[in-house]
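Let the hints inform the model, and build the full structure from the sequences given.
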Amino acid sequence: MPLLEVTDLRTSFHTRTGVTRAVDGVSFSLERGETLGIVGESGSGKSVTCYSILGLIPQPPGRIEGGSAVFAGTDLLRCRPEEARALRGKRIAMIFQDPMTSLNPYLRIGDQLIEPLLIHERLPREEARRRGLAMLEAVGINDAARRLDLYPHEFSGGMRQRVMIAMALITKPELLIADEPTTALDVTVQAQILELIRRMQRELGMAVIFITHDLGVVSGLCDRVQVMYAGRIVETADTRTLFHAPKHPYTRALQRSIPALQAKGSTLYTIPGLPPDLSRPVAGCAFAARCEHAVAACRGERPELRETAPGHRHACPRAHAGEL
Amino acid sequence: MSAPILELRDVKTHFPLHRGLIFRRDAGTVKAVDGVTLSVKKGEVLGLVGESGCGKSTLARTILQLLPTTAGTVLLGGRNLTTADAAEVRAARRDLQMIFQDPYASLNPRMTVFDTLAEPLRVHGVCPAEEIPARVHRLMERVGLAPRFLRKYPHEFSGGQRQRIAIARALALEPRIVVADEPVSALDVSIQAQILNLLAGLCREMDLTLIFIAHDLSVVKHISDRVAVMYLGRIVELGTAADVIERPQHPYTKALVSAIPVPDPDVERTRQRLVLPGDPPSPINPPSGCAFHPRCAHAVARCREAVPPLVPAGPAREAACVRLGEI
Numbered sequence: 027m028p029l030l031e032v033t034d035l036r037t038s039f040h041t042r043t044g045v046t047r048a049v050d051g052v053s054f055s056l057e058r059g060e061t062l063g064i065v066g067e068s069g070s071g072k073s074v075t076c077y078s079i080l081g082l083i084p085q086p087p088g089r090i091e092g093g094s095a096v097f098a099g100t101d102l103l104r105c106r107p108e109e110a111r112a113l114r115g116k117r118i119a120m121i122f123q124d125p126m127t128s129l130n131p132y133l134r135i136g137d138q139l140i141e142p143l144l145i146h147e148r149l150p151r152e153e154a155r156r157r158g159l160a161m162l163e164a165v166g167i168n169d170a171a172r173r174l175d176l177y178p179h180e181f182s183g184g185m186r187q188r189v190m191i192a193m194a195l196i197t198k199p200e201l202l203i204a205d206e207p208t209t210a211l212d213v214t215v216q217a218q219i220l221e222l223i224r225r226m227q228r229e230l231g232m233a234v235i236f237i238t239h240d241l242g243v244v245s246g247l248c249d250r251v252q253v254m255y256a257g258r259i260v261e262t263a264d265t266r267t268l269f270h271a272p273k274h275p276y277t278r279a280l281q282r283s284i285p286a287l288q289a290k291g292s293t294l295y296t297i298p299g300l301p302p303d304l305s306r307p308v309a310g311c312a313f314a315a316r317c318e319h320a321v322a323a324c325r326g327e328r329p330e331l332r333e334t335a336p337g338h339r340h341a342c343p344r345a346h347a348g349e350l
Numbered sequence: 002m003s004a005p006i007l008e009l010r011d012v013k014t015h016f017p018l019h020r021g022l023i024f025r026r027d028a029g030t031v032k033a034v035d036g037v038t039l040s041v042k043k044g045e046v047l048g049l050v051g052e053s054g055c056g057k058s059t060l061a062r063t064i065l066q067l068l069p070t071t072a073g074t075v076l077l078g079g080r081n082l083t084t085a086d087a088a089e090v091r092a093a094r095r096d097l098q099m100i101f102q103d104p105y106a107s108l109n110p111r112m113t114v115f116d117t118l119a120e121p122l123r124v125h126g127v128c129p130a131e132e133i134p135a136r137v138h139r140l141m142e143r144v145g146l147a148p149r150f151l152r153k154y155p156h157e158f159s160g161g162q163r164q165r166i167a168i169a170r171a172l173a174l175e176p177r178i179v180v181a182d183e184p185v186s187a188l189d190v191s192i193q194a195q196i197l198n199l200l201a202g203l204c205r206e207m208d209l210t211l212i213f214i215a216h217d218l219s220v221v222k223h224i225s226d227r228v229a230v231m232y233l234g235r236i237v238e239l240g241t242a243a244d245v246i247e248r249p250q251h252p253y254t255k256a257l258v259s260a261i262p263v264p265d266p267d268v269e270r271t272r273q274r275l276v277l278p279g280d281p282p283s284p285i286n287p288p289s290g291c292a293f294h295p296r297c298a299h300a301v302a303r304c305r306e307a308v309p310p311l312v313p314a315g316p317a318r319e320a321a322c323v324r325l326g327e328i
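Protein sequence lines correspond, in order, to chains A and B. Using the numbering used here, the first residue of the first sequence is number 27, and each one after it goes up by one. Using the numbering used here, the first residue of the second sequence is number 2, and each one after it goes up by one.
Warning: the hint list may mix true and false statements.
To be verified - Only pairs whose alpha carbons sit at most 20 Å apart, straight line, appear in this in silico SDA-like list of lysine to any residue:
id: 1; chain 1: B; residue 1: Lys13; chain 2: B; residue 2: Ala28
id: 2; chain 1: A; residue 1: Lys116; chain 2: A; residue 2: Val45
id: 3; chain 1: A; residue 1: Lys198; chain 2: A; residue 2: Glu109
id: 4; chain 1: B; residue 1: Lys43; chain 2: B; residue 2: Glu206
id: 5; chain 1: B; residue 1: Lys153; chain 2: A; residue 2: Lys116
id: 6; chain 1: B; residue 1: Lys153; chain 2: B; residue 2: Ile133
id: 7; chain 1: B; residue 1: Lys255; chain 2: B; residue 2: Val301
id: 8; chain 1: B; residue 1: Lys13; chain 2: B; residue 2: Ala307
id: 9; chain 1: B; residue 1: Lys153; chain 2: A; residue 2: Thr43
id: 10; chain 1: B; residue 1: Lys255; chain 2: A; residue 2: Glu221
id: 11; chain 1: B; residue 1: Lys153; chain 2: A; residue 2: Asp303
id: 12; chain 1: B; residue 1: Lys43; chain 2: B; residue 2: Thr241
Keep in mind that the hints were calculated from the coordinates and are not lab data.
Below you can see the structure in the form of structure tokens.
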């Protein structure tokens, strides 16, 4: 049985200007210990997918319209709030892009760090503090005993992200959801943080969902990747297949726009046009308007995510038919 | 490419720190830029890379004289800007323009695109008032924005479109040099490529000199002719873009290049990574000698003694490391 099974998740936002279908029928599953990368541009629904699973979507204006997300036997979308709370922060943890806004500036690092232990494991303070100290050392913070009593503003960006990771991992979760945890960091610090996530994952055997727009980060970290566009999954495969034999035109276009893969001085490949406005439902494939391979049929029916090789699914009918 | 259009000679920009509200005492100095010598040729694209806090943005602001220079000279076409009076600096800004990182913060939300683009033309009185609309139209076309957007406000645009407006504003005065401070860092990959293409095209068409600041080496390599790598206020390596990034010589540049994730899982699985320990040191209390030595795998006693100067390290190549030949 997979650790997490998401089926037909649909989340929309109801605002004065209309209904935005941010996540529109997303299904995927995750095994224990597996690392799944979710890739897409801003607005593709990658963060909203994970926020929905964790019940972090403000409702209203957000609304989970349907679907299920079963984590170890519990449907996170339908269970009672106290059941979700018992899982969240203990068996499922999350880290965010911006460590400054996700740490409380008024609380000492130590107090924030051990909060999950006090709440979920009801440990006595001294015991929790001991575990907090060990965790801070494990994520590579020097002089940890003194730093427990400092405030977030006294830490650098990379150190804050380490604190966030320590806080997420202190209850030894089975699933870690990381939402662009290295986007705000320098490449050198990014390399440190990715190394840390890899090591902690090996030690704790946890599953990781890694949300990013950087294909480079995905290639070194993830077992499997799914590419999202306009609230839907357009392609999913193991990392090697996705990089070496991508099928969906959007995945290919995304790969072609990476500067590192293009000759110096040449004009960089760009995807024409803009992502669609999700408050206006598109008939057919949402990428058709920007796709160089689009034919009339692409604008007719919504393409299905179909498995074309074991573990490789994509939603391009022309690729299904072997035309691309 | 011929004579240098911009020359920096031993430029230093320091910020004094104070303690106490009433009895202000000196509490040290942040040496954000600490002795940069650099010359930029006409029509060249110079990439400036380094981690946050290395002084690259301070250097950009120093070049534009948005910050007072502590020591050294900034020569624009032979004219020394550091000793120029306010009117002269303002006149020099016609030749020297800047594009900022965050297109959400760098555009005035209360000004329409037209007003934003017309303002520099009015301030500098470059053309009679009746010619302004036609000029603004041409600017819009030049950066790929439809003239029907002229009456719109910044909030009505996406990030990529806003950056186009910021670029148009920088080009309004037909400057000779544009300094772009992380112009694509806030954008998605696909939009990033559009803006890079636009900048590269503009440089070719307008014979523009561009100083391109970024922390993403693959972007810098793509657009730049030469690259300067900064660490803690100083340039540690300088050379042609491909040369520096494919064959880095300074241990810091090596670590920086090694930290870039490669979008190929086979390469990622097999390659050797150099993960730098720790954070960059504080520019208030920089380490003695080579500022990189506490994080450097090759550091020896010599490295702690004196600041290594930039020395020739091959054709059109300089690096600041005393152990260049040994490592």
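Original post:
Taking each numbered hint in turn, which are not upheld by the structure, reported in ascending numerical order?
Top reply: 2 and 5
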